[in-house]
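Student: The residues making up each chain are set out below.
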Amino acid sequence: MSRRTRLWLVAVSGTGLAALLVAACLELPPFGGSSHPYGERAVRAALARHTANTIASVNFDQRAYDTLGEMSILFAAVLGCVVLLRQARDEHRARPEPAEVDLPVRRYALIVLPVAVVGGLYVIAHGQLSPGGGFQGGVVAATALHLLYLGADYRALERVRPVGLFEVADSLAVSAYLVLGLAGVLAGTAFLANTLLPYGTFNTLSSGGNVPLLNAAIGMEVACAVVVLLARFLDQAVEIEQGNGKDDKDDKDDKESEKENGKENGA
Amino acid sequence: MTAVPHVLPYLVAVWVFLVGCYGLATSRNLIHAVGCLAVCQSATYVLLLAVGYRDGATAPVFSDIEPGSRPLVDPVVQALALTDVVVGATVTALLLALVLQVSKRHGTVDPDELSELRG
Chain A
1 MSRRTRLWLV AVSGTGLAAL LVAACLELPP FGGSSHPYGE RAVRAALARH TANTIASVNF
61 DQRAYDTLGE MSILFAAVLG CVVLLRQARD EHRARPEPAE VDLPVRRYAL IVLPVAVVGG
121 LYVIAHGQLS PGGGFQGGVV AATALHLLYL GADYRALERV RPVGLFEVAD SLAVSAYLVL
181 GLAGVLAGTA FLANTLLPYG TFNTLSSGGN VPLLNAAIGM EVACAVVVLL ARFLDQAVEI
241 EQGNGKDDKD DKDDKESEKE NGKENGA
Chain B
1 MTAVPHVLPY LVAVWVFLVG CYGLATSRNL IHAVGCLAVC QSATYVLLLA VGYRDGATAP
61 VFSDIEPGSR PLVDPVVQAL ALTDVVVGAT VTALLLALVL QVSKRHGTVD PDELSELRG
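Listed in order, the protein sequences are those of chains A and B. Using my numbering, you'd call the opening residue of the first sequence number 1 and step up by one each time. Using my numbering, you'd call the opening residue of the second sequence number 1 and step up by one each time.
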């Protein structure tokens with residue numbers, strides 16, 4: 001299809017879609033209205049189970065099964081990235097060079113790093129009480145580690161971040177979520193039903209029954225998943241190079257042989 | 001015209017979605033296309049949060065407010081938006097990994113140049 005035809009097709013179908021969507025929007029309940037039946041029921045259910053953060057209650061209690069699916073998507077995506085971004089046969093690993101970092105950047109990164117890690121863990125731990133939770137805190141804690149890459153260099157990051165260990169921890173966290181769900185079945189209730197543990201005192205760390213445990217499992221899973229994902233992408237950017245390490249001085253030659261390799265693979 | 005302010009946030013979501021679709025259809029670079037998909041997806045955040053909004057309401061978190069003292073925005077759509085963000089981020093990561101492999105194997109990230117099959 002030529003570019004011109006494609007643009008015409010986009011214009012026509014886009015206009016049609018826009019008209020339908022606008023017509024649908026006009027029929028929606030008015031913005032800011034006071035009728036939220038599901039929201040009110042969710043709040044009531046959360047309060048009945050002593051969970052101060054209603055969103056954590058929705059995610060880890062009322063819709064815990066959906067969160068299992070969401071977590072599986074995350075796990076599968078990480079698995080896919082690990083497979084796609086592995087070192088290919090025609091590539092080699094180069095030792096990353098130690099890099100000079102400006103002193104203010106270095107100081108700032110090293111001061112903020114512990115604060116950010118603790119902040120991330122705090123957000124995970126208080127997921128059932130205040131805004132935040134496993135997903136948000138996991139991302140904060142995982143990206144905080146990478147301040148070491150900014151403040152020092154890649155080798156320092158690799159030393160504090162054994163990727164294999166994080167991959168194992170990722171799958172352990174997924175299994176922990178499943179085991180917590182199965183514990184409900186073994187105790188004679190339903191999968192992921194929040195009826196096993198006492199609900200505790202409202203607005204304390206141990207309140208909410210299952211919620212803090214599932215929240216912690218998700219926090220661990222997200223933190224490990226983000227570390228593994230970023231490690232794979234950073235490996236591609238920093239360590240893995242084309243060619244088998246012999247003739248990478250001459251860039252032009254390298255590209256030529258790369259094309260030939262591609263053709264051979266295609267044949 | 002009095003109805004417009006009541007649906008304006010929904011129309012913003014529609015606009016963001018269509019802009020993302022336009023970008024996807026006219027993209028000359030796969031990384032740009034992945035970015036456009038993220039724009040499409042952010043339309044769903046706007047829509048979800050707009051559906052759950054209530055005038056004069058506060059966040060549905062009771063660590064510092066008394067239950068029942070103030071109206072609350074809808075927590076269900078906020079949880080859905082959270083799910084949406086996580087899935088969006090993982091899909092973006094997976095697509096970028098695919099783009100990386102495409103650029104390595106084919107030497108280009110222009111979708112128009114990737115028309116012929118190679119096995």
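Rather than coming from a laboratory, the hints here were simulated on the basis of the structure. For each residue, glycine too, the CB sits at the ideal point set by N, CA and C. Check each hint, because a few of them may be wrong.
[Stated by the list, open to error] Now the in silico label distances, taken between C-beta atoms and shown as ranges: (1) A:Ala-88 - B:Pro-67: 52 to 60 Å; (2) A:Ala-24 - B:Gly-56: 22 to 30 Å; (3) A:Arg-86 - B:Asp-110: 19 to 27 Å; (4) A:Ile-111 - B:Pro-111: 41 to 49 Å.
Student: Go ahead and decide if the range 22 to 30 Å is satisfied by the Cβ distance of Ala-24 of chain A to Gly-56 of chain B.
Tutor: holds (26 Å)
Student: How does the Cβ-Cβ distance of Ile-111 of chain A and Pro-111 of chain B compare with 41 to 49 Å: does it lie in that range?
Tutor: holds (44 Å)
Student: Using the beta carbons of Ala-88 of chain A and Pro-67 of chain B, state whether their distance is inside 52 to 60 Å or not.
Tutor: The hinted range 52 to 60 Å holds for Ala-88 of chain A and Pro-67 of chain B, with Cβ atoms some 57 Å apart.
Student: Could you tell me whether the CB distance from Arg-86 of chain A to Asp-110 of chain B stays inside 19 to 27 Å?
Tutor: holds (25 Å)
Violation of the numbered hints given earlier is absent; every hint is satisfied by the structure.
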